[in-house]
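Line by line, the protein sequences are chains A and B. Mapping of the first sequence onto the numbering used here: residues 116 to 599, in sequence order. Mapping of the second sequence onto the numbering used here: residues 89 to 319, in sequence order.
Just so you know, the hints here were simulated from the structure itself, not pulled from any lab data. None of the values given here were measured: they were computed from a predicted structure. Mixed in with the good hints there might be a few duds.
Here are the simulated DSS-like cross-link-like pairs (lysine-lysine), alpha carbons at most 25 Å apart as the crow flies [stated by the list, open to error]:
#: 1; chain 1: A; residue 1: 280; chain 2: A; residue 2: 268
#: 2; chain 1: B; residue 1: 305; chain 2: A; residue 2: 268
#: 3; chain 1: B; residue 1: 305; chain 2: A; residue 2: 486
#: 4; chain 1: B; residue 1: 273; chain 2: B; residue 2: 295
#: 5; chain 1: A; residue 1: 281; chain 2: A; residue 2: 268
#: 6; chain 1: B; residue 1: 305; chain 2: B; residue 2: 128
#: 7; chain 1: A; residue 1: 491; chain 2: B; residue 2: 273
#: 8; chain 1: A; residue 1: 486; chain 2: B; residue 2: 295
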Amino acid sequence: MSKKITIEPVTRVEGHGKVTIHMDAQGNIQQSRLHIVEFRGFERFVQGRPYWEAPVLVQRLCGICPVSHHLAAAKALDVIVGAGTGDGLTPTGEKMRRLMHYGQFFQSHALHFFHLSAPDFLFGVDGDPATRNIIGIALTNPELAVQGVMMRKFGQEIIRATAGKKIHGTGAIPGGINKNLSIEERDEFLKGADPLNADKMVSWAEEALDFFKKYYFANKDFVDNFSYFPSNHLSLVRKDGALDIYHGVLRAVDADGKKILHDVDYQDYDKYIEEEVRSWSYMKFPYLKEFGKEKGWYRVGPLARLNTADFIPTPLAQKEFEAYKALTNGKPNNHCLHMHYARLIETLHAAEMIRELLNDPDLLGDDLVIKGEKRKEGVGLIEAPRGTLFHHYRINDNDQIEMANLIVSTTNNNEPMNKAVNNVAKSVMTGKEVITEGMMNAVEVAIRAYDPCLSCATHALGKMPLELTFVGPDDQILDRKRSH
Amino acid sequence: MSNLIKFKIDGKECMAEAGKFIVDAAADNGIYIPTLCNMKGVKPKGACRICSVRINGRLMTSCTTPVADGMEIESNSTDIQDLRKSIIELLFVSGNHFCPACEKSGNCELQALAYRYQMMVPRYPYEFPMKPVDASSPRIIKDQNRCIFCKRCIKTIKDETGRSYFVFRNRGHKLEVVLDEEMGKTINSATAHLAMENCPVGSILVKEKGFDTPIGKRKYDKEPIGSDIKL
Numbered sequence: 116m117s118k119k120i121t122i123e124p125v126t127r128v129e130g131h132g133k134v135t136i137h138m139d140a141q142g143n144i145q146q147s148r149l150h151i152v153e154f155r156g157f158e159r160f161v162q163g164r165p166y167w168e169a170p171v172l173v174q175r176l177c178g179i180c181p182v183s184h185h186l187a188a189a190k191a192l193d194v195i196v197g198a199g200t201g202d203g204l205t206p207t208g209e210k211m212r213r214l215m216h217y218g219q220f221f222q223s224h225a226l227h228f229f230h231l232s233a234p235d236f237l238f239g240v241d242g243d244p245a246t247r248n249i250i251g252i253a254l255t256n257p258e259l260a261v262q263g264v265m266m267r268k269f270g271q272e273i274i275r276a277t278a279g280k281k282i283h284g285t286g287a288i289p290g291g292i293n294k295n296l297s298i299e300e301r302d303e304f305l306k307g308a309d310p311l312n313a314d315k316m317v318s319w320a321e322e323a324l325d326f327f328k329k330y331y332f333a334n335k336d337f338v339d340n341f342s343y344f345p346s347n348h349l350s351l352v353r354k355d356g357a358l359d360i361y362h363g364v365l366r367a368v369d370a371d372g373k374k375i376l377h378d379v380d381y382q383d384y385d386k387y388i389e390e391e392v393r394s395w396s397y398m399k400f401p402y403l404k405e406f407g408k409e410k411g412w413y414r415v416g417p418l419a420r421l422n423t424a425d426f427i428p429t430p431l432a433q434k435e436f437e438a439y440k441a442l443t444n445g446k447p448n449n450h451c452l453h454m455h456y457a458r459l460i461e462t463l464h465a466a467e468m469i470r471e472l473l474n475d476p477d478l479l480g481d482d483l484v485i486k487g488e489k490r491k492e493g494v495g496l497i498e499a500p501r502g503t504l505f506h507h508y509r510i511n512d513n514d515q516i517e518m519a520n521l522i523v524s525t526t527n528n529n530e531p532m533n534k535a536v537n538n539v540a541k542s543v544m545t546g547k548e549v550i551t552e553g554m555m556n557a558v559e560v561a562i563r564a565y566d567p568c569l570s571c572a573t574h575a576l577g578k579m580p581l582e583l584t585f586v587g588p589d590d591q592i593l594d595r596k597r598s599h
Numbered sequence: 089m090s091n092l093i094k095f096k097i098d099g100k101e102c103m104a105e106a107g108k109f110i111v112d113a114a115a116d117n118g119i120y121i122p123t124l125c126n127m128k129g130v131k132p133k134g135a136c137r138i139c140s141v142r143i144n145g146r147l148m149t150s151c152t153t154p155v156a157d158g159m160e161i162e163s164n165s166t167d168i169q170d171l172r173k174s175i176i177e178l179l180f181v182s183g184n185h186f187c188p189a190c191e192k193s194g195n196c197e198l199q200a201l202a203y204r205y206q207m208m209v210p211r212y213p214y215e216f217p218m219k220p221v222d223a224s225s226p227r228i229i230k231d232q233n234r235c236i237f238c239k240r241c242i243k244t245i246k247d248e249t250g251r252s253y254f255v256f257r258n259r260g261h262k263l264e265v266v267l268d269e270e271m272g273k274t275i276n277s278a279t280a281h282l283a284m285e286n287c288p289v290g291s292i293l294v295k296e297k298g299f300d301t302p303i304g305k306r307k308y309d310k311e312p313i314g315s316d317i318k319l
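So here's chain A without its partners, still in its complex pose (with noise of 0.2 Å):
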């Protein structure tokens, strides 16, 4: 008899999802979807408001990174109050904004990292689920969850003294930033007490990689088979190939490291990218059009960013980049669980961008806003800690948005994690005649290394229960396991 198994909601991710998995009757894995279950509706209930709410608006799709689309609708309203296409705001412009968008990538990272994944690291993915959380870890490792909750608190920090808020904050506005850095701000950064300063998040930066590289090089096995697939990955980069992510050309390469889009101008994205609609799912599935929809889809965050990239431009984050391109030969890396690796030497460049950023005197002017000729039109395109992140608008000639597409970081990751799902299922499921949590935390192990926002919302850490329910070909409940 065949089964049907239902993981809901996944769990110690961003937001609402459930995976199905369909056994036949020889208990082979015939289908693995990984479905979002929520409905935002943002791109519609933006339209007839006023173009400059959209930063303050579009963010409450988040409560984990809204500094992301606060930053994103920003740059695309950037063009159409005509300052220039993503580099023509003034210094303290540009810089304030990227200080805010660094500092929320330290603080996203630092939480997937310490809160939602190490717990699987510490405790293995079959370790006791009673354990196995940021509880957990406060009580067999407290050091390591002091330093978690810190580092985000730093992070948190920057996001407040730049956008006024460590959550949902005002800083970005059209052709600019509504505050500089006052000196006495700057100041608490550089030379605070211990441990919220700029060297000590540095230097537990790195303690952080090395906390990761222990554990993948004892089970280096595992780590590199995990739901490893080849893959075609997207981002944005600089113009002259570094790793960048506020601004810059966007550049795709396939699973050989070859390039397939080309460093090309963000704001002509439509004709590079298309979304595919499938009924059982909100998220749509974007592809490059130019592959269509069978091979164009591609992965985006972490790990994407660092097969785009060519270098890091910071020093520290450079040597690890160098030693981890090295796992590769420099090719692409496709190993899912290498995207924790990834995402702690980005942990590392954004505290050294941080610091670097608080010495440069051009936070502290007082040129905030650029305006010049008005458009009707504009693209922003900004690189979330999970991807790549698409915000377009268009206004009418009362200054009201009539239209507004959004393609968020984990949308494009949609066809990549159900991929890495019915990978897992395939290869912990198949042929079993009882499903442990232990497998069914498996299938989540691969889902939250790409740190989905599957709502792009956040929801209470650890209260939501994991259900699994086989359902028989005829619908019936043949049996449910719950966990919390």
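Fit chain B to the given chain A structure using the hints.
Same frame as chain A, now just chain B:
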């Protein structure tokens, strides 16, 4: 000095000039009574009722009631505070007051009152109106979903001949305050900014003015509304 009279608010001995409205007399004595539709220099109408106080067992609007010698006024009792809070809640649910994305947030009197009266979630169901947003003027956006019919714009935003830029249209539940179509085309920047400032909510917005005041520097970021009234 001969015009001074004595009265009490919540048992406190106060003095004021005879004929002053209670809300102003209270302010002179360092006592804050909340207002929304009332504005200094404009004849009061008592439209919003937020300033209600109890005199001789009856609820009266303190912006329209002159203080009298020997008057005993109750303002800070639990039931009057709750009445004010419920008026704030009713205003919130009857419009689309989405503070997170409103340019007026931090400078909005309705929001500031909600904070002062510690409104968490309204007790009443939201109406979620679907009224039009008029963006046809080159300088002003009038969002009908946020208008609380205080008339402050009608009474204060006028051209040099005394004609009001804002007018009532329709009656009953269809009543709305609109920007005169012709006058809206020629309104200048200073008048548009004054209209936005005088609107106690986010119903009148100046075009392309968006979030340029950072959080922490807005009117009610530091102190609650009414903090300026002290002895």
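Honestly, which of those hints from before does the structure not fit? Every hint satisfied by this model.
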